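Participant: Chains as they are written, first to last, in my numbering: chain A, 58 to 314; chain B, 2 to 188.
If you are wondering where the hints come from, they were derived from the structure by calculation, not from laboratory data. Since this is a predicted model, take the numbers as computed values, not measurements. Note that the Cβ used here is the ideal one computed from N, Cα and C, for glycine as well. One should not assume that every hint holds.
[Unchecked claim] Rough simulated footprint, nothing fancy, chain B against chain A, three-plus residues with beta-carbon under 8 Å:
1. 106 to 117
2. 181 to 192
[Stated by the list, open to error] Mimicking DSBU-like on lysine-lysine, the simulated pairs with C-alpha atoms at most 35 Å apart in a straight line are:
3. A/LYS227 - B/LYS115
4. B/LYS83 - A/LYS108
5. B/LYS115 - A/LYS254
6. A/LYS254 - A/LYS108
7. B/LYS83 - A/LYS227
8. A/LYS215 - A/LYS227
9. B/LYS83 - A/LYS254
10. B/LYS147 - B/LYS115
11. B/LYS147 - A/LYS108
12. A/LYS108 - A/LYS313
13. A/LYS227 - A/LYS108
14. A/LYS227 - A/LYS209
15. A/LYS254 - A/LYS209
16. A/LYS108 - A/LYS215
17. A/LYS108 - B/LYS115
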Amino acid sequence: MNCDDARVLMHGQLDGELDLAADLEVQRHIDECPRCASEYAAMRAMRARLKDEAFRFEAPAALKERIRRAIPASPPSQAGAYPSRRGRWVPRAIRFAVPMAIGAMLALIVAPRTIGPGLNQRLASEVVASHVRSLMASHLMDVASTDQHTVKPWFNGKLDFSPPVNDFAKDGFPLVGGRLDYIDGRQVAALVYQHGKHVINVFMWPTAGDTTSAEKIETEHGYNVDQLTVAGMNCWVVSDLNQQELDRFARLIRAKG
Amino acid sequence: MGGRETRLPDESKAVDFDRTFIPHMDAAYNLARWLVRDDHDAQDVVQDAYLRAFRFAAGFRGGDPRAWILAIVRNTAFTWLKRNRGPDSPTEFDEKLHGGVGEESGLEADAVRKADGAMIRAALDELTDEFREVILMRDIEGLSYKEIADVAEVPIGTVMSRLARARGKLARLLQHQIAQERIPKER
Numbered sequence: 058m059n060c061d062d063a064r065v066l067m068h069g070q071l072d073g074e075l076d077l078a079a080d081l082e083v084q085r086h087i088d089e090c091p092r093c094a095s096e097y098a099a100m101r102a103m104r105a106r107l108k109d110e111a112f113r114f115e116a117p118a119a120l121k122e123r124i125r126r127a128i129p130a131s132p133p134s135q136a137g138a139y140p141s142r143r144g145r146w147v148p149r150a151i152r153f154a155v156p157m158a159i160g161a162m163l164a165l166i167v168a169p170r171t172i173g174p175g176l177n178q179r180l181a182s183e184v185v186a187s188h189v190r191s192l193m194a195s196h197l198m199d200v201a202s203t204d205q206h207t208v209k210p211w212f213n214g215k216l217d218f219s220p221p222v223n224d225f226a227k228d229g230f231p232l233v234g235g236r237l238d239y240i241d242g243r244q245v246a247a248l249v250y251q252h253g254k255h256v257i258n259v260f261m262w263p264t265a266g267d268t269t270s271a272e273k274i275e276t277e278h279g280y281n282v283d284q285l286t287v288a289g290m291n292c293w294v295v296s297d298l299n300q301q302e303l304d305r306f307a308r309l310i311r312a313k314g
Numbered sequence: 002m003g004g005r006e007t008r009l010p011d012e013s014k015a016v017d018f019d020r021t022f023i024p025h026m027d028a029a030y031n032l033a034r035w036l037v038r039d040d041h042d043a044q045d046v047v048q049d050a051y052l053r054a055f056r057f058a059a060g061f062r063g064g065d066p067r068a069w070i071l072a073i074v075r076n077t078a079f080t081w082l083k084r085n086r087g088p089d090s091p092t093e094f095d096e097k098l099h100g101g102v103g104e105e106s107g108l109e110a111d112a113v114r115k116a117d118g119a120m121i122r123a124a125l126d127e128l129t130d131e132f133r134e135v136i137l138m139r140d141i142e143g144l145s146y147k148e149i150a151d152v153a154e155v156p157i158g159t160v161m162s163r164l165a166r167a168r169g170k171l172a173r174l175l176q177h178q179i180a181q182e183r184i185p186k187e188r
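Assemble the whole structure, with the sequences as input and the hints as a guide.
Facilitator: Here it is as structure tokens:
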């Protein structure tokens, strides 16, 4: 392998995009060529520096809100690919206020036909819809506090159960607040955690029967969902966080429960 | 009654759109923001792209929704750039023109490590759009070569060579900047 090839292929190697043979060949060249080794070290450092979250621009909340509003209201295409988007039958007053609630309702109607009648699948759709709604509607929290002793009493009198509230800040998942939500036809507690830039919603309500801790991971259109049972609570964890990290978080919750 | 039967699939598509593409709005904005380099303009681009994506959603045949929405954002951004900053931006990107890989100066990792955030941001701004976007998609957004190839509509091999040139250029800009700072300013 010559230096020109190595200078290109080292990037594939750093990114884990090469097959084993090419990977080893690049490595061999770098071990033998001090100039390429120095270039390689610089590129590795370059990659590491760019991983910084600070370089990532986050979409302003106002933009998200604007798009959420614009999409259901947008006119149908000429060809009539979308004849009458909800305008025909949804009362005007709730048209913008609860589009995602409609989404959740439709998930109930559509899910049994398209993805089978599983209760968990339906609940997964519901918690994802709730999670998205909480982020879109600027209604992430009713009580904003990083103190579990503020959040837990806040639920008293608002729910007929007391959800376990723990802060996992030292593990990188600080509690940021809580709110009331509505899942599976009942009021539930929603705890909000943060991990880096990612928001995690934890929905909790008492289980009907068995209390065995059954963890299940699902992916719903880019969101990851973990389901577990903790201290007699049905517990659903949802975020755009990657599965490993969300799984780690779920284990923290279970350990406390 | 016939209306009811046709309505349901359309509504279900709307649900799908929300849950499939809305989660990637941060990635969409990030790409647009780095390409047009202005918050307000980037918001316009993302909104425009999402409305277009919504119209084309029926054409989404599974696959990676993030790559799909990013491809639309990218096209929208480039159209926007051509219209608003027209003459400045080269319409055709020449792989050979924009810096070879085996460039003159050697690189040292130390220079890269010493660069601060502002310096890196400024250097990224100096890159051509094609260099900036490939670094953005790979290093900041974490897309695979395959996904980048899909978004930018180039072969995977081009993704790798472009990334090599882009990172090399960026690192050299930083190294140059660091070296400049070592020279005491004349008074």
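Participant: Checking against the hints above, which ones are violated?
Facilitator: As far as the earlier hints go, 7 and 16 are violated by this structure, in ascending order.
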